[in-house]
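Asks: One-letter residues, chain by chain:
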Amino acid sequence: MAALYGGFWLAGDAIAGGDDKPGKHTGDPNIIPVDDIKPGMQGYALTVFHGETPDKFEIEVVDVVRNYLPGQDAVLFRSPDPRMQHSGIVGGMSGSPIYIEGKLAGALAYGYRFNKDPLGGMTPIENMIEIADLPYRPGVLTKTARASGREGSAAWADQMLALDTSPLPPRQMPEQIPGPNGMPSGGLEPIGAPMSIAGLGPHAAQFLADATGLLPVRGGGSKPSDASDQAAASSGEPAKGAARHVFKPGDSVSVVLIAGDNGAAPNGTVTWVGGKNSEKVLAFGHPMYGEGPSKYPIANAHVHTILASVERSVKLSSALDIQGTLIQDRQPAIYLRTDIQTPMIPVVTSVTGPDPKLGARTYRSSVADSEVLTPPLVVTLMLDAIEEAGSDGVEVVLETRHEILLETSKGPRTIELHEESYYPRGIVRGLAARSRALLLLMVALDNKFEIASIKSINQEAMVHYGAPVEEIERIRVANEEIRAGDLLEVLVDLKPPRGPSRTEKITVRIPKDAGGERVVFELGGGEWVTPYAPLPGNLDDLLDNLAASYPARSMVGTIYRPGEGLATEHGLVEALPESVLQTLSPGGSNRQAVHFKQAARRMIRTDSIIQGDASLELNVLPAKSI
Amino acid sequence: MSNWLPNSLLCVSLVLASSWAWAGGTKTHELDDFDAFDDGEVEGAAIERSGTITRGYASERAELEHSSAFSCLTDGKQAWVGTADKATIQAVDLRGGTPAAKQLVELEGVVVSAMTRLPGGDLIAAVLPGGKLVRVSKKGEVSDFAELPDVGQIWAIVPHKGKLLIGTGPKGALWSLGTDGKNAKIVLDVPEKDILSVLTIGDEILVGTSPKSRLYKVDSELEGVLLHEFQGDEVRALALSGTWLVAAVNEFEERSVSSRVALTKQLSRSSLTGEKPTDNNTTRSRANADAELWAVDLGQKRDLLRTQDAAWDKWFAKKSQYFIDLLALDDSGTVLAASSEGGKIYRARGRRDVSVVADLEERQATSMCLTDAGDVLATASDGAAVYALSQTPAKTARWVSEVLDAEHPARYGSFALRGEGKLELRVRTGPTSEVDDRWSAWKPVKLARDNDELRGAADIPRRRYMQVEVKLADADASLRSITAFYAPENLPPLIDKIEISSQSFGSDDDSEPDADIAIKWTVDARDGDSLLYDAHVRAAGGGDDEWVKLNTAGPLAKSETKLDLDTLADGIYEVRVIATDEPSNGAGSARRDELVSAPFVIDRSRPTLSNVTHAGGRVTGVAKDQGSYVHDVAFSIDGADFRAASASDGLFDSSSEKFELALPDDLGPGPHRVVVRARDARGNLETVAIKVGG
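If you read the sequences in order, they're chains A and B.
Counting in full-length UniProt numbering, the first sequence runs from 1 upward without gaps.
Counting in full-length UniProt numbering, the second sequence runs from 1 upward without gaps.
Because the hints were derived from the structure by calculation, they are not lab data.
Among these hints, one or two may not hold up.
Below are the DSS-like pairs computed for lysine-lysine, each with C-alpha atoms no more than 30 Å apart in a straight line [said to hold, decoys possible]:
#1 B:265 x A:505
#2 B:212 x B:171
#3 B:139 x A:448
#4 B:217 x B:132
#5 B:497 x B:446
#6 B:86 x A:448
Partial list, computed: chain A residues near chain B (C-beta under 7 Å) [what the hints assert, rightly or not]:
#7 447
#8 448
#9 535
#10 545
#11 577
#12 579
#13 583
#14 585
#15 595
From a predicted model like this one, the values you see are computed outputs, not experimental measurements.
Every residue, glycine too, gets a C-beta built ideally from N, C-alpha and C.
All chains should be modelled from the sequences, with the hints used to inform the complete structure.
Replies: As structure tokens, then:
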């Protein structure tokens, strides 16, 4: 789970300062400073092996590694406990408190893959406690170091809209991600938090793993009956009454990314609890993403069992109820507060499968509010619903509708999207690369104007078998001569995936003032033509531009002319006299003016989804005077 | 010897800002006419059409925090400037010499494209895009004034007889509007898209259009009267000075529709990500446009119909730029033209009296207004600023040349200036065509009178690029020409290869190949120098003293010569070519290169024929060759065409071949003469005749 620790080097910088070694030297008699820890000392650790109650296991100090991380030592230990001898260091044990001579020494935090011995590394408690003084900063924007490594919404827009200006790096699986600063994975490394997932199919889980950089572990997700050992994925609502949980060292704790009918929650262990009402909680002993200020919901968790593995054993767990918020994600630990609640974003996902005998299904979930993770979390839910509706790899048409309620500085607004796409070999791989809803969410949370607040999302998917799709095979002009002001008659040969082509005639009006010009007529499927739009002056403009599109079941005919206009934040200024256009496009700046070709465009609705495009160059004769 | 004359010298009269070469490697930059001076920059100086730099307008500048100033308006004492990027109106205080600009208001739009002032003092402004006019009070309060339907752009607002005339696009309409913003109506509707310029002359109204550069007069009929059509794309501005009507006409290179893919992607990317494209290379090529100033004398009665049939004079034309505004400076035919390049403002007083009177720091001069004091308020774009230009001569004046290119690192000699009064010269050199930190500092050149010239030299670094600055140091100073002498680093020529044609022949040839073979070589002078050549030949592997010169009559000017094979014994030879750039650099500085060819064979020995006998209708024999191999054997009977014989072993592939040929069965009775011919691989022939029959 190398992907987990991306960025934690930066977190170290944030707390290092002055000449003193980082760490809070409290003088607390219940804490043993790292300087007092010697090889051969013995102690014990607390963690949940099953259920919700921590168990002890013995440890023995092997050595102390000075400056293992910037300003942070590491204590190597070995466990003689038979359970640990069998499983090795376990993912999900991150944060398990270690006591030496009856005093808290730190958190189990590091292990290594393919371990033959239960040899682990401990983060000293003094480094961890230091971050328990940091405040909640919900306004700070964070950039999660995700596995995909993509840079901002602009790069996504390039890819999704086929703009070809900034190609994306190839996607990587979590295990392919190198370590911090490009270092190869290997040796002692953060154990990481296995992401317990519930109610997600394999493709959705893989997409989520790719998007979050976390290793998914199926944790089950059915609603609890009355069995005390069968916990449910969290509802996403803060716990009340009896569901409130007071954390204690060794408890299992999860960071909740998805809750409700579906679940996704990285899991670890509580190290330290403080505050008057035990509201301060330190866990993990290493960062989750190293984001610094964070605002993810956290939940108490139930451990079903430990899955022993040669490579890396993990706890199989389920998040229970929301108990507070992860407010700091730092090199030595994550810092949780049970007196701070952060809202999740409700997402209702409905899906209607291609087979009418299987009725429509609706899933009610919530996702974490994160500038980076919210969009892929929402898409994960959509993918999961689609995956359930029909197996992947089948020729289908996917129709989606999104209703996204969000708030910008101009107030609340609802954005409705209707998309329809043909997938010749299954949806899952293609959806994330083509979803305008995903792009819109990403842009709403990552743009140069402001960060929108996503309030709720309703998403609906309808999967249809079949291939009501045709490709533009050839176009040719029917007119004997082409004159300004005339209707241009174009014969379009359309080819379905199987069977013979058919020919359809469409017409587009040649502009009256185009006489003498050499123009290009271009015909494209609606899904692949982007409407002309002015430069956005604010986020609402940008969202409007993104939401605008032509229906997939249409052809868009465009007559491009030599003249150019100027795109501005105040609109598209068309057909400018050349001297004005050039004067308004100053060259003494690195910010270039955006020109566009004068165009006359007509959208023609079709019964089928139209793919492909074709173009012709035409010489337009002047209009006849009589 | 004309071949020695450098090409650049031959064509010097065709070059404007000329660089040309003297014999012996010395070249000069010669700057002595209007265009050469106009390629540089002036500050407080004027460039007269006659090719003289004199003192120009004094100017005071105020910078605006916008990317472009686009339009201006003055009431004589105060001015207002409309800006682009952010559509603001800047109030400009002209009192005190230096203009002081203060933002009056920011309007919704891209650019304040036109303004006028109502009698009460409020401004009426138009903003792109749209057909909306707003009223702006002195305090900057904005209120709606009027909105013209179907109007996308407003280009001009001109008060006329108690109404406002408004030139618009894209429907090519001239509107009339009351000063209360009411009673809007179209008074002229032309086929062109835009009415860019509006000029009133007495009661008459003239407009200039785009994209055809036409001049119309408003008439009782809505379509008006077409007065004149210029060759070009737009009549950008009109002015009347005295009896002269002047039109600024621009013609642009037509854009190609092929850029649609890139532009559409760029628009999509910018509109869907909010990120404008960036380009760190901010240097921009000049406009693909031609600008022309046309004028016609309307006569004392200001007869507009003269524009239809009287001769229009082309007062002035400039390449790679366009004119943006015109301003009548007086009543005697003087106008100023604002240019899109170099921030230049030209003054024209007829066809032969054109000068640059101002060179704004910014790239474009965009609009001009006249103040009560007769000064000119000018606005600039590409870096926005407003200038107050006084018609009194500037206190200081200087001219800086464009960067001059010696094509190679050069040693600079003396500088010769011709002109009047006190002139001061500074020079600097550098390695790049754009001046940057790697350039040397300005170095003063001490000038001394030498006949009618001022001459001097400076110790400046040997670099490829050089720039000169001349300061007019007293009130009477003027500059007519400057000559800079330099000697570029002489690069040796480079001979690439030598090609020697082989002795070629055809199988049907009945004669031996020519005794001459061609020797050709390709050579790169690398620095434009003229070259001469020597060619030598020797037996392959011979000593240096064995070269025999082929061009005994003198150096070769062409990169080829011929070798007479009959002057050499058979054997293997090689050719050496020596190239020198002495014609351009003199014997002392000449550089040379030499190249020896690959060895080649000279074989003029004929093959031999032996044992040629006839028996039983067949002729047999042996053909041999010493220098190569037997190529073919043929025979001729009684003088008829030669026919091929066969090698006994079926192949002609060695230096000794037996052959045989069968005489035709229908060979008639009596004696016949059979000629047998052998040919070697280089075309040498040998024949033997025998008699058969009889």
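Asks: Measure nothing beyond the straight line between the CA atoms of residue 86 (chain B) and residue 448 (chain A); if it is 30 Å or shorter, mark the hint as holding.
Replies: holds (19 Å)
Asks: Verify the interface restraint on residue 447 (chain A): the C-beta must sit less than 7 Å from at least one C-beta of chain B.
Replies: holds (6 Å)
Asks: Under 7 Å is the threshold here; is the Cβ of residue 577 (chain A) close enough to any Cβ of chain B for the hint to stand?
Replies: OK, holds: residue 577 (chain A) within 7 Å of chain B, min 4 Å.
Asks: For a C-alpha distance cap of 30 Å, please report whether residue 139 (chain B) and residue 448 (chain A) respect it.
Replies: violated (34 Å)
Asks: Holds or violated: is there a CB of chain B closer than 7 Å to the CB of residue 585 (chain A)?
Replies: Since the shortest Cβ distance to chain B is 9 Å, the answer is violated.
Asks: Take the shortest C-beta to C-beta distance between residue 535 (chain A) and chain B; is it under 7 Å?
Replies: holds (6 Å)
Asks: Checking hints one by one. Is residue 595 (chain A) an interface residue toward chain B, by the C-beta closer than 7 Å rule?
Replies: With a closest approach of 6 Å, the residue 595 (chain A) hint holds.
Asks: If you take the shortest Cβ to Cβ gap from residue 545 (chain A) to chain B, is it below 7 Å?
Replies: holds (5 Å)
Asks: Residue 497 (chain B) and residue 446 (chain B): Cα distance at most 30 Å?
Replies: The given pair, whose Cα atoms are some 49 Å apart, is violated under the 30 Å limit.
Asks: Given the hint that residue 217 (chain B) pairs with residue 132 (chain B), does the C-alpha gap stay at or below 30 Å?
Replies: holds (25 Å)
Asks: Does the CB of residue 583 (chain A) sit less than 7 Å away from some CB of chain B?
Replies: Cβ of residue 583 (chain A) sits 6 Å from chain B, so the hint holds.
Asks: Against chain B, is residue 579 (chain A) within 7 Å by beta-carbon distance?
Replies: holds (5 Å)
Hint violations for this structure: numbers 3, 5 and 14, all remaining hints satisfied.
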